[in-house]
Amino acid sequence: MTDTATARTTPSPGRRATAPSPGRARLRRGAIIASFLLPALVVLGALVVYPIVFTVIRSFYDQGGQNFAGWDNYVTMFTNDTTFTAIRNNIMWVIVAPASCTILGLIFAVLLEKLRWKTAFKLIIFMPMAISMLAAGVIFRGMFQESPNLGVVNAALVGINNIFSDSADYPGARPRDGFGIVEDRGVIASADTIAPGGTQDFPLTGIRATSLPDDAAQAIPAANASDTQITGTVFLDVLRGGGGTDGEIEPGKRGLPGIRVDAVAADGSIHGYATTGAGGDFVIDGLAVGAQYTVALPASNFDEGFQGVSWLSASFINGVVILSYIWIWAGFAMVMIASGLSAMDRSLQEASRIDGANEWQVFTRITAPLLSPVLIVVFVTLIINVLKIFDLVYVIPPGASKPAANVIAVEMWTVSFGGGANQGLGSALAILLLVLVLPSMIINVRRFREDRSR
Amino acid sequence: MSDLTLVRPKKTVAQRILGVFSSSIVNIVLLIVAVFWLVPTVGLFITSLRTAGDIAATGWWTVFTAPAQLTVENYTNLLSNTTITGSFLNTIVIAVPTTILVVMIGAIAAYGFAFLQFPGRDWLLIVVIILLAVPLQVALIPLARLFGAIGIFGSVLGVILFHTAFGLPFAIFLLRNFFTQVPTELLEAARIDGAGDWRIFFRVILPLGLPAIASLAIFQFLWTWNDMLVALIFTNSESQPLTVAIQSQLRQYGANLDVLSTGAFVSMIVPLIVFFAFQRYFVQALLAGSQK
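Protein chains in written order, with my numbering: chain A, 1 to 454; chain B, 1 to 292.
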């Protein structure tokens, strides 16, 4: 800190001599500032800012990067079916996912205030935030498997459906040949017409004895029919262990209960019907004397029945993936909003309650407006996050429905790394993501400036 | 709230009944919600405790009627699977240094932004805030080339650098916000005692900022641990973390659900422990910065 040093480094020699070596001090100051900021700035410059510039430029070159391609990649992006589906799906994501998470989070946050076990509830809802989207994807793909034996969602749906639909189903049933009954497009019917007073039995095969309902009892021979009745028995024409006489009702052959039997007139209209009892016997009553009827077992008796929904097919896959996203991120919205609520001064709400406002008015007129800054933060964060969604879409859809579930980030990966090797188009897709994030960036910067000026 | 109830007009009997009724409805509804939220994780855990044969034949919920099928076989198999154990180690080798780097570089930069005066500081800070929202996709292609050129493509080093860079804006933003709340008197006092900025940073700010640093560290650790995309591109079969090792099993989904579910659960164990042990800090990190 000698005077000579000062003279050498001070750019403006007219400075007051009393200041202790200002040039050297400034240099020192600069060195200190640099020592704090340079590491971060170098890393951010080299690994974030430089790549952005590079990607912008790269997006105007062709797939190998040698030839300038102008806007070609951007045109391709919006005209190519695959990429366009990805863009469309991303837009749908942005519309559906952040709003769902925020609304759900808001509902949870408001409701859980009344809970004694609110900490436990918060932990349970928030926990998926801690695990990887890969693990979440594996979980949801398993839950929505198509077979109701394996996927819990379809298992639950089939279970509920079975409670409410009482009709018994006998998939695979076939008529025993040579006993006057035929099968046509799933309907099993008498080959000839029957007049009231007659009897038509239905010996069936092709049903596994193990899949009979529990109430299936020994087959009962049909009762004698009156002038207005047609009677008969629907039974499984198979003896356990084999043997017996085909078409005969014998001890050991069981009736098929719960089967609907129609009496169909010549014009195709149904004049009467009955449902078989435990022994497979039925009596169709109230038929016209002297008319002729075909006795038919409608196809609904032999349906597979409801076997669940193909959740992972192209039609539903986006819903399933978005649902998995909501499972993860609703907790984030809830925690943010709940902390906003707990930080809130409640005197306004109390005052308005005393003034006679009901809870709904208190919520919509006071609580919600006071919460709006938090809601905006949550919403913007989720939009930024949803735009670059990758892992869930990469993991959950099986091969066949991958194209239907495609999003920009997955398409970007596919064309530039996952076999596509078109880094021009990949760069353009990355820039599209950046452009889509711009409004959120502006909101962030604005919020920051408002905070500072306050 | 409770001290104000005295002021409130007395509730009628009908209102009281309605109150009890609605609070029990809320309890029931949220209980159902909580069960729905738990089922996926519980299902995965139970699946990982069943043999491949059982998994292919029936759903995990059958254990409630036939608990004998539970076994730790999948886990012992996984332990002898060197791909999985190796990738588990890789995940640690990636996540720990990344967290340390982000916290270190982020903390000193945050100090600079919070306490040092220099021209253009506010503009630089706005750049940092802009960078908060940059999708990492924009860096995949250039950094793959850059890392290839300097020979670290395919190694854990590339992944560490990538995550460090994209973790920094959040780190700076979060820690700066925290540091600016430190009472200026403390800094003034230290300055008067003749302490330089580095000394103030280590002796005053860092101890005071520990809760914020813990929040950031936990957030960054979970983020890096759970990443798949960056590692999918920047690692090879030698350096891949758990997420990448597990996703390579996806193609035979259904046939190897035993490996997949067990692997997925193993990948969740560390985040879950961290989460339940430090969830307060994790929540604080989200509250303080929430733009990631």
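None of these hints come from the bench; they were simulated from the model.
Wrong hints could be hidden among the right ones.
Computed footprint of chain A on chain B; a stretch qualifies when at least three of its residues, placed anywhere within it, have a C-beta under 8 Å from a C-beta of chain A [as the list claims (entries may be wrong)]:
#1 82-96
#2 149-156
Going by beta-carbon spacing under 8 Å, a handful of chain A positions derived as facing chain B [unchecked claim]:
#3 N67
#4 I220
#5 L387
#6 W413
#7 T414
#8 G419
A few chain B residues facing chain A, derived, Cβ under 8 Å [to be verified]:
#9 S23
#10 I32
#11 P40
#12 G43
#13 L79
#14 G106
#15 G120
#16 T164
#17 N236
As the structure is a computational prediction, the values presented were derived from the model and not from experiment.
Glycine residues also receive a C-beta, built at the ideal position from the N, C-alpha and C atoms.
Results for each hint:
1. Residues of the stretch 82-96 of chain B lying with their CB closer than 8 Å to a CB of chain A number 0, which falls below the three-residue condition for coverage.
2. With a threshold of 8 Å between beta carbons, the proposed coverage of the stretch 149-156 of chain B by chain A is violated, since 0 of its residues qualify and at least three are required.
3. Given hint, A:N67 at the interface with chain B, is violated; its Cβ is 17 Å from that chain's nearest Cβ, farther than 8 Å.
4. Below 8 Å, beta-carbon pairs count as interface contacts, and A:I220 has none with chain B, the closest being about 34 Å; its hint is therefore violated.
5. At its closest, the beta carbon of A:L387 sits 7 Å from a beta carbon of chain B; the interface hint therefore holds under the 8 Å criterion.
6. With a cut of 8 Å, the hint placing A:W413 at the interface with chain B holds, because the nearest CB-to-CB distance is about 7 Å.
7. A cut of 8 Å between beta carbons decides the hint on A:T414: the least distance to chain B is about 12 Å, and the hint is violated.
8. The interface hint given for A:G419 is violated, since its Cβ lies 13 Å from the closest Cβ of chain B, which is over the 8 Å cut-off.
9. With a cut of 8 Å, the hint placing B:S23 at the interface with chain A holds, because the nearest CB-to-CB distance is about 5 Å.
10. The interface hint given for B:I32 is violated, since its Cβ lies 11 Å from the closest Cβ of chain A, which is over the 8 Å cut-off.
11. Annotation: B:P40 was flagged as interfacial toward chain A, and the flag holds, the nearest CB pair being 5 Å apart, inside 8 Å.
12. At a threshold of 8 Å, the smallest CB-CB gap from B:G43 to chain A is about 6 Å, leaving the interface hint in force.
13. With its C-beta approaching chain A no nearer than about 19 Å, B:L79 sits outside the 8 Å limit, and its interface hint is violated.
14. Among the interface hints, the one on B:G106 holds; its C-beta lies about 7 Å from the nearest C-beta in chain A, closer than the 8 Å criterion.
15. Given the 8 Å rule on beta carbons, the hint for B:G120 is violated: about 11 Å separates it from the nearest Cβ of chain A.
16. Because the smallest distance between the Cβ of B:T164 and any Cβ of chain A comes to about 6 Å, under 8 Å, the interface hint for this residue holds.
17. Interface restraint check: B:N236 against chain A, minimum CB-CB distance 13 Å, threshold 8 Å, status violated.
Taken one by one, the earlier hints fail for this structure at numbers 1, 2, 3, 4, 7, 8, 10, 13, 15 and 17, listed in ascending order.
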